[in-house]
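Those protein sequences? They're chains A and B, same order as listed. full-length UniProt numbering puts the first residue of the first sequence at 1, with every later residue one more than the last. full-length UniProt numbering puts the first residue of the second sequence at 1, with every later residue one more than the last.
Wrong hints could be hidden among the right ones.
Listed below are the simulated DSS-like cross-link pairs for lysine-lysine, each with C-alpha atoms no more than 25 Å apart in a straight line [claimed, not checked]:
#, chain 1, residue 1, chain 2, residue 2
1, A, K8, B, K60
2, B, K269, B, K157
3, A, K8, B, K235
4, A, K8, B, K62
5, B, K196, B, K157
6, A, K21, B, K132
7, B, K196, B, K235
Since the hints were derived computationally from the structure, they do not count as laboratory data.
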Amino acid sequence: MDKSYEIKIQPASRITLLNWKELSGYRDLLLLIIRRDFVARYQQTILGPAWAIVQPLATSLVFTVIFGKVAKIPTDGAPPFLFYLTGMLFWQLFSGSVLAGGNSLQNNASLFNKVYFPRIIPSLGTQISQLIPFTIQLLIYAGFGIWYFTGSETAVFHWQRLLWFPFLLILVITLSLGISLGFSAITAKYRDLQHALGFLVQLGLYATPVIYPVSSIAEQWRWMVWLNPMAAPISTAKWMLLDAGSAPGIPLIFSTVATGIILVIALYFFQRVQRTFIDTV
Amino acid sequence: MTEPIIEVNHISKRYRLGQIGAGSLREELSAVWQSLRGRSRKTADKNGNELRALDDVSFKVKTGEILGVIGHNGAGKSTLLKILSRITEPTSGEATLRGRVASLLEVGTGFHPELSGRDNIFLSGAVLGMSKDEIAQKFDRIVEFSEIGKFINTPIKRYSSGMTVRLGFAVAAHLDADILIVDEVLAVGDARFQEKCLNMIRSIQEDGRTIIFVSHNSSAIESLCTRAILLERGKIVADGPAHQVMRRYLQSEEMKIDGRVIINDGRLKLTSFNATYQYIDRSTCRIEFTILLDAKAAPPELYIDMALETQENVRVLQLVSLPHQYSAQCTGDKPVSITYTLECSPLKPGDYFATVYVHHPQLGPLLQVDRIKAISVIAQADYPECRSSGFNALLTVPFEFRQNHNPQS
Numbered sequence: 001m002d003k004s005y006e007i008k009i010q011p012a013s014r015i016t017l018l019n020w021k022e023l024s025g026y027r028d029l030l031l032l033i034i035r036r037d038f039v040a041r042y043q044q045t046i047l048g049p050a051w052a053i054v055q056p057l058a059t060s061l062v063f064t065v066i067f068g069k070v071a072k073i074p075t076d077g078a079p080p081f082l083f084y085l086t087g088m089l090f091w092q093l094f095s096g097s098v099l100a101g102g103n104s105l106q107n108n109a110s111l112f113n114k115v116y117f118p119r120i121i122p123s124l125g126t127q128i129s130q131l132i133p134f135t136i137q138l139l140i141y142a143g144f145g146i147w148y149f150t151g152s153e154t155a156v157f158h159w160q161r162l163l164w165f166p167f168l169l170i171l172v173i174t175l176s177l178g179i180s181l182g183f184s185a186i187t188a189k190y191r192d193l194q195h196a197l198g199f200l201v202q203l204g205l206y207a208t209p210v211i212y213p214v215s216s217i218a219e220q221w222r223w224m225v226w227l228n229p230m231a232a233p234i235s236t237a238k239w240m241l242l243d244a245g246s247a248p249g250i251p252l253i254f255s256t257v258a259t260g261i262i263l264v265i266a267l268y269f270f271q272r273v274q275r276t277f278i279d280t281v
Numbered sequence: 001m002t003e004p005i006i007e008v009n010h011i012s013k014r015y016r017l018g019q020i021g022a023g024s025l026r027e028e029l030s031a032v033w034q035s036l037r038g039r040s041r042k043t044a045d046k047n048g049n050e051l052r053a054l055d056d057v058s059f060k061v062k063t064g065e066i067l068g069v070i071g072h073n074g075a076g077k078s079t080l081l082k083i084l085s086r087i088t089e090p091t092s093g094e095a096t097l098r099g100r101v102a103s104l105l106e107v108g109t110g111f112h113p114e115l116s117g118r119d120n121i122f123l124s125g126a127v128l129g130m131s132k133d134e135i136a137q138k139f140d141r142i143v144e145f146s147e148i149g150k151f152i153n154t155p156i157k158r159y160s161s162g163m164t165v166r167l168g169f170a171v172a173a174h175l176d177a178d179i180l181i182v183d184e185v186l187a188v189g190d191a192r193f194q195e196k197c198l199n200m201i202r203s204i205q206e207d208g209r210t211i212i213f214v215s216h217n218s219s220a221i222e223s224l225c226t227r228a229i230l231l232e233r234g235k236i237v238a239d240g241p242a243h244q245v246m247r248r249y250l251q252s253e254e255m256k257i258d259g260r261v262i263i264n265d266g267r268l269k270l271t272s273f274n275a276t277y278q279y280i281d282r283s284t285c286r287i288e289f290t291i292l293l294d295a296k297a298a299p300p301e302l303y304i305d306m307a308l309e310t311q312e313n314v315r316v317l318q319l320v321s322l323p324h325q326y327s328a329q330c331t332g333d334k335p336v337s338i339t340y341t342l343e344c345s346p347l348k349p350g351d352y353f354a355t356v357y358v359h360h361p362q363l364g365p366l367l368q369v370d371r372i373k374a375i376s377v378i379a380q381a382d383y384p385e386c387r388s389s390g391f392n393a394l395l396t397v398p399f400e401f402r403q404n405h406n407p408q409s
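Throw the hints in and build the complete structure from the sequences for me.
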């Protein structure tokens, strides 16, 4: 008999944050769940994944009119439309993941009630699925970027700064995974909080320097902005892509550390709740 | 092979009743507030607000065994399945499963309505624990088994419910697990589907794989399982050969309250009711009813009648004892036990309920108990007509078919 299939069932004495060995056995399921989410979302649509570009473009356009032309909020010398679009590119990656994944235990309860597989799989799937619209947005963004930098005589694109891109991407994905898992653990127990999720994400947009530069905040209050772990990656992205403002050093380190802590704590609670949450559904 | 493939040691599962259905932040906060004011939450638990769904359950299953799990609703069957399928954790105790486990607690686990049949085969297969390569390898056989044919690329939301069930079942039938945990929900559906399901279980049995099968269906348990355990209020109260345990189940305590007492003048009590249904051939089945009456205060002579009805209250049989002078003698110190045996045409698959009437020529009716769950008839391979969806007659009878030549107009 194959020993490797031996399963022990007992009340967990300690919580394993991630069981890599087990997860790797469910690779195929993860890929199929990503595929399911993708196909199901764009079934019977005209534009399909192209919808991904409509929202950031439209919002950026609205922001350009309202905050740029009417409220005249400065953009650190960058063209307002690109300034908002840069912020929205990363903000949407974050908010999209959290909105789609912040209720994963509840959303998959009927499936979890019938079969066992690692409960984190749908959350991971949601997170990876978000890279599909992100990639499309990035391509459109690149188009606008090329158009701006070739058309402008003064603007200089700093290629070497693109080295930061993978780091920012991983940081934002990790943070949204952490927040999603944490929220899933909370909403599994306190179901009323799932109504708060959309609202909190919406508020988060204004707490994050997407439509305003950090430099527009008075010096003595800036630390409050940096407490938000999404603030530093978005400011860094604007510096990296548009040379707007300066690179936040210490805030980015803080954000990285905070993201790590959030992920570990969220994983801990998620794993604790998932073991028996089906009893309370 | 000395090690049992499944070993369950002292598994208990407790639910705090207060916790079920709770889960609003406000309630939790008020509980915290209470504890801050010195009123411990624990007091509530001590007051017996605890449900023991499973209480110190231990058993072993050998490779190749088909273990039936029986018990009344709420006896802990589903909880046991959920723990063995790792859907939830036990409160204490441990279980060891030595092999690949697949749990079939519903048909079409993991199906998504927007996806095509093809995609859903892969998705459901992966959810149930198959790898992509394994599914790809068996794909053609699954499609063939499901009889979906050209609709395989259509989203399953356009399927009829029968097609969806067939597809889900086809995936389940091709799982390669060493241990299968099967819930009776698999045995619902039309007769033809039931038969397919039972045939699948038989073929798995022939492969020497191990199955845990939960069911109310006595004939299914008796014909499929090599062994059965009976759960009552979270405890194992019987463990042994399937037919013995089934008999015990049918006589078990809760059976008494299974029916509806319509008339009871207090002299008699129906303490047990047992029915068996045996399919013999296309024109014959044998039914046996055994009833046990507590008759301490009863008159010395009783007439006991029986009736059998379908789920929809259609009366199938009525056994009247008075015209035949079939009377039961009561001595008062012993319970009265009566067995009726009869043969008739095979019944349509489904659940049947019995009514017991006890009366006395002078005293009139003494006891009437309605809707006693009596027998479940499952489909048999050799009467094909009940497999067609249009068949809804109670009886199947063999018949001859002949075309008359030169009909007179």
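Of the hints stated earlier, which fail here?
The structure breaks hints 2, 7; every other hint is satisfied.
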